[in-house]
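K.L.:
Each chain is listed here by its residues.
Protein chains: 4
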Amino acid sequence: MGILRLSHVDIKVPDLDLAAAYYTEVMGLDISERADDRIFFKCWDEEDHHSLAVRYDPRTGLDRFTFKVEHEDDLDDLEQKIETYGFGVQRVSQNEEIGQGESIRFDTPSGHEMELVFDVDKVGGRLAKTNPGAVPQGLKGIAPPRMDHLLINAEEVPEATKFYMDVLGFRLTEQLLDADGHQLGTWMERSHSPHDLAVVSGPNGALHHFAFWLDDWDHVRKAADILAYNSIMVDVGPTRHGITRGNTIYFFDPMGTRNEVFTGGYRPDPDFPTITWTEDNIGKAIFYYEGEVNTRFLEVHT
Amino acid sequence: MGILRLSHVDIKVPDLDLAAAYYTEVMGLDISERADDRIFFKCWDEEDHHSLAVRYDPRTGLDRFTFKVEHEDDLDDLEQKIETYGFGVQRVSQNEEIGQGESIRFDTPSGHEMELVFDVDKVGGRLAKTNPGAVPQGLKGIAPPRMDHLLINAEEVPEATKFYMDVLGFRLTEQLLDADGHQLGTWMERSHSPHDLAVVSGPNGALHHFAFWLDDWDHVRKAADILAYNSIMVDVGPTRHGITRGNTIYFFDPMGTRNEVFTGGYRPDPDFPTITWTEDNIGKAIFYYEGEVNTRFLEVHT
Amino acid sequence: MGILRLSHVDIKVPDLDLAAAYYTEVMGLDISERADDRIFFKCWDEEDHHSLAVRYDPRTGLDRFTFKVEHEDDLDDLEQKIETYGFGVQRVSQNEEIGQGESIRFDTPSGHEMELVFDVDKVGGRLAKTNPGAVPQGLKGIAPPRMDHLLINAEEVPEATKFYMDVLGFRLTEQLLDADGHQLGTWMERSHSPHDLAVVSGPNGALHHFAFWLDDWDHVRKAADILAYNSIMVDVGPTRHGITRGNTIYFFDPMGTRNEVFTGGYRPDPDFPTITWTEDNIGKAIFYYEGEVNTRFLEVHT
Amino acid sequence: MGILRLSHVDIKVPDLDLAAAYYTEVMGLDISERADDRIFFKCWDEEDHHSLAVRYDPRTGLDRFTFKVEHEDDLDDLEQKIETYGFGVQRVSQNEEIGQGESIRFDTPSGHEMELVFDVDKVGGRLAKTNPGAVPQGLKGIAPPRMDHLLINAEEVPEATKFYMDVLGFRLTEQLLDADGHQLGTWMERSHSPHDLAVVSGPNGALHHFAFWLDDWDHVRKAADILAYNSIMVDVGPTRHGITRGNTIYFFDPMGTRNEVFTGGYRPDPDFPTITWTEDNIGKAIFYYEGEVNTRFLEVHT
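Protein chains in written order, with my numbering: chain X, 885 to 1186; chain R, 885 to 1186; chain H, 885 to 1186; chain B, 885 to 1186.
Hints may contain errors.
If several chains are the same, the list does not tell them apart, and a pair holds so long as it fits within one copy or across any two.
The list that follows gives simulated cross-link-like pairs (lysine-lysine, DSS-like), each with its CA atoms no further than 27 Å apart [said to hold, decoys possible]:
| id | residue 1 | residue 2 |
| --- | --- | --- |
| 1 | K1046 | K1013 |
| 2 | K1013 | K965 |
| 3 | K1024 | K1106 |
| 4 | K965 | K1024 |
| 5 | K1046 | K1106 |
| 6 | K896 | K1013 |
| 7 | K1106 | K965 |
| 8 | K1024 | K1013 |
It is worth saying that the hints were derived from the structure and are not from the lab.
As the structure is a computational prediction, the values presented were derived from the model and not from experiment.
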């Protein structure tokens, strides 16, 4: 049945201790495991081993991003499709990677290393499975319930989008077109949300941001209060996107990777008709309240 | 691939004009079509022809409920499964029913008439598909963006649940068990939401309520303000469910059918582990803040 | 210039440790001082020594309530007015009472001991006075920024109200009248809020509840989540009052004293015209969403 | 007893029809009266004749601002104090001005014409005085319940502040100081709110903005949605102030006058200790989330 959801994003950080401090105290994630040069984080309502992994490296950047598939044999199916499309696929055996079983890895036309996995270690969320409370107590920081999506850059957005849609089965919810009808940005989903993966024009292989889900506009304010208290550099927001209609804040972790908190938006099923934005509306498309996009948002990525 | 989402609920009302007034002015739905003895309503963010149909009848009650399938040949597949399970299936041809194409109808073990449909007339939502605004202006009343789920009664909850799961592919997100481990209530999904369909102990064929989605806890308050202004009888709320964690108000339309507005909850994928409630926690399970269930909620249905 | 605001409420509790645990962990107050048989609490945004004092006594109940006056000579002025009205006044010297200077105490026509004080120890709030953060971090529990008002009972509401208005200068914002135009309840203010003091029909000397201010409807939900998590008995809510228009939850501390959290309402100046409710609208007046008052709310007080 | 609250702001607009359209349809005010070249607006929860008056003039700008006093003889008292301070006072007789009785007008050290009035025509709000609903239905646009405050510029902030405090009795809640301890901005109140009047460094006689109160952070988002839908130019926000702690959006009416919507903040009594900000914290002081002030906010006024 194919891809289910974003599983985890693996990034490089120049300071593991700072990353641990920020992602637990400010972002409010839980550490599920530490290895030599890596730390694995999860959100409180996630069952799986991790949704964010950081690895020590002198430079920030994206190692890869991983999506989870619904069935075990989806890996074989998708491996074949990717190879038919002309890309090589690498098998990662069980026990090679922390927190998950066998997976496949491959380069995409947007120059990213992508991974698909079926078997993920279940470590459970913060609420019980029998007579749970409704809201966990004792959370720290922003404490999002789950990772939501990521946005990557590509030199050729249409080519990258075609791969994610035709080969991996992503569905196009929204697109931003230039005057010639060429895609400048595309928003795609597999989990009945406005986007699990988005691609915007920029250098191949780059990460623009990954985003955590918040339940409410009030939690967006609480996030802004926590960010300001901790002197975290805000890029934009609180504001609303025209695309996805979601409410949002963009900000940078202390090592320079852009984070987002995101809430709202609609609930698209596979029969959802694609929404199209034209470049003359790019301001409202990206930041609905401001009606314009700041240069930093367009040009900074890792 | 099977069932996609709740498509529409068809109920009987003793007063069509009152139903039209209430569901447009108070609930804030749009009328998509009127026929002799029927009115078809939709929410502002729904693309399909209708999510609620009312038919004149001296007594309130449920005619049937309809789910939409993802692919055209899902109808054949599911027809066969239902017949194999021992239930008769009736084909409704194109043009027999307003707002949709061919469908199948059948009785379920819980004594309800259920319908599955693939082809539904697309009439579009209130927002444009090119450079849309983020929030429609000029809405009236509560104005939910979409229908969310329905809850039905069954004398034998386990038997009914087994049918919905084994034959129709619903996934169990939560269950309420008596001291013997017998299911008193079950919550099931097909659309990555806490429930699209729920079954609780009660008379076969009865409707407990259908629910509209709201985006926010503040919209729950606005709904309560509108209900109070219009002297609509509130059953319970604003409150929170333990089951689904959602925030809610229950109330009765002026003809006596229970409505709900609902927001929040988690996002379950097919690999979501079922949550179990034991009967000694029924209070918090149903109404988390009150810790007890009122008699009216348990005993009144249509 | 007269009375400024509610200063503190002094109640009796049968268990000091339980009171300390509840009012710090669940309600989220700070302890400003402990004496032999007393504990003094304050809210995080209050500058004064305390807004709640509990004293050990085998039975719950109200010791007294204290309002703060604006100027030092207000004490003399009001003492004279009270005595002219026919009530005896007791002077409490500096150093006789913890956390405050000289005060006057007297019995009111509603059978309560009331106190007026000018000089209160300033202990400061949680935010700095130079370049403060906007929201304190590290709060526990509900954590209201301040005490808001109290509601007391009186056998003769009009007589009690006349005293609070004519002698102490309270202004009447709202009143509930029976069919004969007799006051069943009155809401009065001195601080440009919908009520600092309210009186409803009931036994002389009784306390119905005292209330803490919350900033937002979302904080009301958070309070409800915390109350439910701690299995605190909720009386009514979350709901809205017709009177004051405020959003509210009523609940009982573990020793049996009714608490409220309250937000919203209007901003009445001294030229605010009184709002009148008639007894046939008592349901909406008290609980706007439910449209009816539960027996417990009417009959239980301490 | 002195000044009670901000009564109304009188501004010049180059297009009366555009002003009428914007302030009713987008801002959601009611028109209480139209005269030849003037329009009088009020908010739905205000009792008085108007809180905003616009007058046709080819150039935008401030005519004057008016505060309401509590007692009739406050006018005489304050007239004498102003004259003693060395400023001339003009008496405006009853029937000279629309919507109000006798008043006094005078120039302030900040180069503004200020007015004080006791007798204002009462036209009533949108809610009844007997058994009212809690929330008016049928409002349009942002629909703030009331005007909240205004911010003016002054070349010499300390001198202007001294006048407002010493002569008119305003109380200083917050101040922004440069490295020499010189006031760059001051925030003052008379109505137990964080500010009724603020003064920041800038040209004498200029208006920076006036602000409308909103009840909630969610209403701030709704305001932003309405502004974006109507393509109103947003200056900054939604965000939070460090000063006052309030949540806010700044934007420009279509004629160029800056408006604000504002909510939150604390409740200062006359014994509230002044909060001081140092210039090195000006970013967080003004815009707590951004941590920096945009040039437009500092330099544009009318």
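K.L.:
Each hint needs a verdict: does it hold in this structure or not?
P.N.:
Each hint tested on the structure:
Taking the closest pair of Cα atoms, K1046 and K1013 come within 27 Å of each other only across two copies (21 Å); inside a single copy the shortest separation is 40 Å, beyond that limit. Within a single copy, K1013 and K965 get their C-alpha atoms no closer than 38 Å, and across copies no closer than 32 Å, so neither meets the 27 Å cut-off. In this assembly of identical chains, the alpha carbons of K1024 and K1106 lie at most 27 Å apart whether taken from the same copy (12 Å) or from different copies (15 Å). With identical chains, the CA atoms of K965 and K1024 are never at most 27 Å apart, being 43 Å at best within one copy and 49 Å at best between copies.
When the C-alpha separation of K1046 and K1106 is checked against a cutoff of 27 Å, the pair qualifies neither within a copy, at 38 Å, nor between copies, at 37 Å. With identical chains, the CA atoms of K896 and K1013 are never at most 27 Å apart, being 34 Å at best within one copy and 38 Å at best between copies. Neither within a single protomer nor between protomers do K1106 and K965 lie at most 27 Å apart by alpha-carbon distance, with minima of 44 Å and 46 Å respectively. Proximity of K1024 to K1013 under the C-alpha cut-off of 27 Å is found in both arrangements, the shortest distances being 22 Å within a copy and 25 Å between copies.
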